[in-house]
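From just these sequences and the hints, can you work out the full model?
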Amino acid sequence: METTEALLRVQGLGKTFRMYHLDAMLHAFEGISFDLHAGEFLLLKGRNGAGKSTLLRTLWRSYLPVEGHIWYRSRLGMIDLARAADVDIALLRRQEIGFVTQFLNARPRVAAQDIVAEPLRLAGHAPEEALDQARHWLGEFGVRPELWRAYPSTFSGGEQQKVNLARALILPQRLLLLDEPTASLDAGARAALVRRLTDLKASGVAIIGVFHHPGDVAQLIDREIDLATRVIADDSERIDHVAL
Amino acid sequence: MSIDMSVSPAPLLPPQLMQTEALLTMRGLSRSYGAVRALRNVDVTVYPGEVMGVVGESGSGKSTLLRMMNLEDTPDRGDYRLRLPDRDDGNLFDLGRYQRRMLSAHHIGIVYQNPHLGLLMRHSSSGNVAERLLIAGERSFDVLRSKARDALDASEFPLDRMDARPAELSGGMQQRVQLAKAIALEPALLLLDEPTTGLDVSVQALVLDTLKRLQRDRHITMVLVSHDLGVIRTMADRVLVMRHGEVVEQGLADQVFQDPQHPYTQQLVHAKL
Numbered sequence: 001m002e003t004t005e006a007l008l009r010v011q012g013l014g015k016t017f018r019m020y021h022l023d024a025m026l027h028a029f030e031g032i033s034f035d036l037h038a039g040e041f042l043l044l045k046g047r048n049g050a051g052k053s054t055l056l057r058t059l060w061r062s063y064l065p066v067e068g069h070i071w072y073r074s075r076l077g078m079i080d081l082a083r084a085a086d087v088d089i090a091l092l093r094r095q096e097i098g099f100v101t102q103f104l105n106a107r108p109r110v111a112a113q114d115i116v117a118e119p120l121r122l123a124g125h126a127p128e129e130a131l132d133q134a135r136h137w138l139g140e141f142g143v144r145p146e147l148w149r150a151y152p153s154t155f156s157g158g159e160q161q162k163v164n165l166a167r168a169l170i171l172p173q174r175l176l177l178l179d180e181p182t183a184s185l186d187a188g189a190r191a192a193l194v195r196r197l198t199d200l201k202a203s204g205v206a207i208i209g210v211f212h213h214p215g216d217v218a219q220l221i222d223r224e225i226d227l228a229t230r231v232i233a234d235d236s237e238r239i240d241h242v243a244l
Numbered sequence: 001m002s003i004d005m006s007v008s009p010a011p012l013l014p015p016q017l018m019q020t021e022a023l024l025t026m027r028g029l030s031r032s033y034g035a036v037r038a039l040r041n042v043d044v045t046v047y048p049g050e051v052m053g054v055v056g057e058s059g060s061g062k063s064t065l066l067r068m069m070n071l072e073d074t075p076d077r078g079d080y081r082l083r084l085p086d087r088d089d090g091n092l093f094d095l096g097r098y099q100r101r102m103l104s105a106h107h108i109g110i111v112y113q114n115p116h117l118g119l120l121m122r123h124s125s126s127g128n129v130a131e132r133l134l135i136a137g138e139r140s141f142d143v144l145r146s147k148a149r150d151a152l153d154a155s156e157f158p159l160d161r162m163d164a165r166p167a168e169l170s171g172g173m174q175q176r177v178q179l180a181k182a183i184a185l186e187p188a189l190l191l192l193d194e195p196t197t198g199l200d201v202s203v204q205a206l207v208l209d210t211l212k213r214l215q216r217d218r219h220i221t222m223v224l225v226s227h228d229l230g231v232i233r234t235m236a237d238r239v240l241v242m243r244h245g246e247v248v249e250q251g252l253a254d255q256v257f258q259d260p261q262h263p264y265t266q267q268l269v270h271a272k273l
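Residue numbers (this note's numbering), protein chains in the order written: chain A, 1 to 244; chain B, 1 to 273.
It is worth saying that the hints were derived from the structure and are not from the lab.
The beta carbon of each residue, even a glycine, is placed where N, CA and C say it ideally should be.
A portion of the hints provided could be inaccurate.
What the hints assert, rightly or not - The following label-pair restraints were derived from C-beta to C-beta distances:
#1 B:Tyr33 / A:Gly158: 53 to 63 Å
#2 A:Arg149 / B:Arg87: 36 to 46 Å
#3 A:Pro172 / B:Leu84: 30 to 40 Å
#4 B:Arg218 / A:Ser153: 17 to 27 Å
#5 B:Tyr33 / A:Glu128: 36 to 46 Å
#6 A:Gly14 / B:Glu246: 25 to 35 Å
#7 B:Val201 / A:Asp199: 54 to 64 Å
#8 B:Asp217 / A:Asp199: 23 to 33 Å
#9 A:Gly39 / B:Pro158: 46 to 56 Å
#10 B:Pro158 / A:Glu30: 57 to 67 Å
#11 A:Thr198 / B:Pro48: 35 to 45 Å
#12 A:Gly204 / B:Arg145: 49 to 59 Å
#13 B:Arg216 / A:Ser153: 31 to 41 Å
#14 B:Leu84 / A:Glu128: 28 to 38 Å
This is the structure in structure tokens:
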């Protein structure tokens with residue numbers, strides 16, 4: 001693959017947490033390097049504690065890396081996410097990079113459909129159009145219409161996660177980070193998620209994900225990195241994801 | 001295949017700032033009151049449309065900083081610039097008292113924790129909002145009334161009570177009147193000093209939702225001071241952590257809460273969780 005065209009180029013990335021109250025350093029990972037191209041799907045795997053979620057959060061910049069680079073080819077030019085100003089990161093999060101966690105961080109007393117519509121509203125879409133799309137995606141992920149105007153803080157974990165996914169995936173991004181998005185989802189919602197990810201990938205969105213059950217997305221995976229063993233596998237040496 | 005550590009080096013481009021110009025820039029702010037050093041060499045940058053949260057213990061300088069932003073007070077030294085359309089006032093602290101007051105009235109809104117600081121308790125609610133418009137030179141009764149009404153409506157204040165005096169209203173409603181007064185002139189900057197402290201939780205959620213809606217629909221830039229980390233977490237895009245008059249850390253809200261870099265911030269965040 002033509003490396004100069006990579007959407008994301010991670011070089012020598014390392015993360016260590018300094019915990020003052022314990023007077024200790026907690027080592028997460030070091031020396032991570034990989035390229036990711038538009039439309040590629042990269043699976044992060046490894047045992048619990050191997051640093052999968054930490055790597056995702058470092059790419060998203062919730063965690064500050066201690067070494068290395070995260071070169072990202074944005075629409076506005078090349079930028080090192082490891083060092084970029086907060087204001088640039090905030091802008092990229094609104095316009096180009098999405099992050100889906102296992103948890104919905106909903107403000108109290110905001111209806112499900114408004115939570116889902118918000119990314120479109122922030123991107124300048126008209127209120128009615130944003131709400132129409134929000135209802136569409138809530139329906140796709142299997143949230144019953146009678147819940148659309150209710151407050152998600154009262155929902156079950158699974159229903160909250162559907163709202164979370166609808167919100168996170170409503171606005172197509174160029175790079176999508178997924179942190180165990182299928183946890184607590186029923187089969188119907190998992191299928192809807194895979195359909196949405198398939199469409200996004202086909203439209204050129206690059207995806208990096210951590211999955212409890214990689215089998216759910218087996219047909220989408222182009223490459224894998226095992227953070228415990230530091231092995232990269234690509235299509236040609238694909239192992240059986242379902243058995244992971 | 002092991003992880004490739006020798007990917008060909010990318011061109012050594014510097015981190016590249018995008019074309020986002022700050023709305024508010026403060027540099028090198030210091031202020032002492034007698035022997036108390038309330039602010040020490042504080043730098044703050046606020047970008048258009050964002051909510052900047054300011055946290056820190058009592059006496060850390062949060063409210064002093066907000067008073068400086070509102071031009072109610074001037075520092076011993078420091079530089080303060082606001083990027084306003086068609087204006088270049090230089091360092092705002094160099095302006096005369098009257099100019100500072102006018103600039104603040106026109107371009108900066110503020111909501112205090114204590115409604116008595118922001119409202120005339122024996123005037124009507126709409127009168128309180130109209131007072132702000134009067135300062136800006138509006139004289140027509142009809143225009144005053146309709147603009148006050150719009151601002152109260154945008155603050156989600158029940159319009160059938162717009163002639164009630166703040167003294168007759170609940171704490172949550174008083175905060176909405178303050179908010180209406182603060183946004184009546186569509187300020188470039190909205191300052192919020194513990195706006196929901198003392199309100200019960202359900203009222204607090206409603207006021208925060210109103211603020212979020214204002215930010216979304218009107219793109220009002222906000223600086224929110226609160227000792228309630230939950231409020232900051234819900235509202236802020238970026239966070240400034242203050243201690244003993246100094247900024248000890250600033251960053252994206254999720255980064256400051258999830259990966260705090262300064263020992264004091266770690267202590268603060270762990271105390272909350």
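Hints and how they fare:
Against the hinted window of 53 to 63 Å, the Cβ-Cβ separation of Tyr33 of chain B and Gly158 of chain A comes to about 55 Å, which satisfies the hint. For Arg149 of chain A and Arg87 of chain B, the Cβ-Cβ distance of about 44 Å falls inside the hinted range of 36 to 46 Å, so the restraint holds. Evaluation of the 30 to 40 Å hint for Pro172 of chain A and Leu84 of chain B yields a pass: the beta carbon distance comes to about 35 Å. Take Arg218 of chain B and Ser153 of chain A: their Cβ atoms lie about 26 Å apart, and the range 17 to 27 Å holds.
Against the hinted window of 36 to 46 Å, the Cβ-Cβ separation of Tyr33 of chain B and Glu128 of chain A comes to about 53 Å, which falls outside the hint. For the hinted restraint 25 to 35 Å between Gly14 of chain A and Glu246 of chain B, the CB-CB distance of approximately 29 Å keeps it satisfied. Evaluation of the 54 to 64 Å hint for Val201 of chain B and Asp199 of chain A yields a failure: the beta carbon distance comes to about 40 Å. Hint check: Asp217 of chain B to Asp199 of chain A, Cβ distance near 30 Å, so the stated range 23 to 33 Å holds.
Restraint check, Gly39 of chain A to Pro158 of chain B: a C-beta distance of roughly 52 Å satisfies the suggested window 46 to 56 Å. As the Cβ distance of Pro158 of chain B to Glu30 of chain A is approximately 58 Å, the hint placing it in 57 to 67 Å holds. The hinted range of 35 to 45 Å is satisfied by Thr198 of chain A and Pro48 of chain B, whose Cβ atoms lie roughly 37 Å apart. Between Gly204 of chain A and Arg145 of chain B the Cβ separation comes to about 54 Å, which falls inside the hinted range of 49 to 59 Å.
Hint check: Arg216 of chain B to Ser153 of chain A, Cβ distance near 19 Å, so the stated range 31 to 41 Å is violated. Checked against the hint of 28 to 38 Å, the C-beta distance between Leu84 of chain B and Glu128 of chain A comes to roughly 33 Å, which is consistent with it.
Hints 5, 7, 13 from the earlier list are contradicted by this structure; the remaining hints agree with it.
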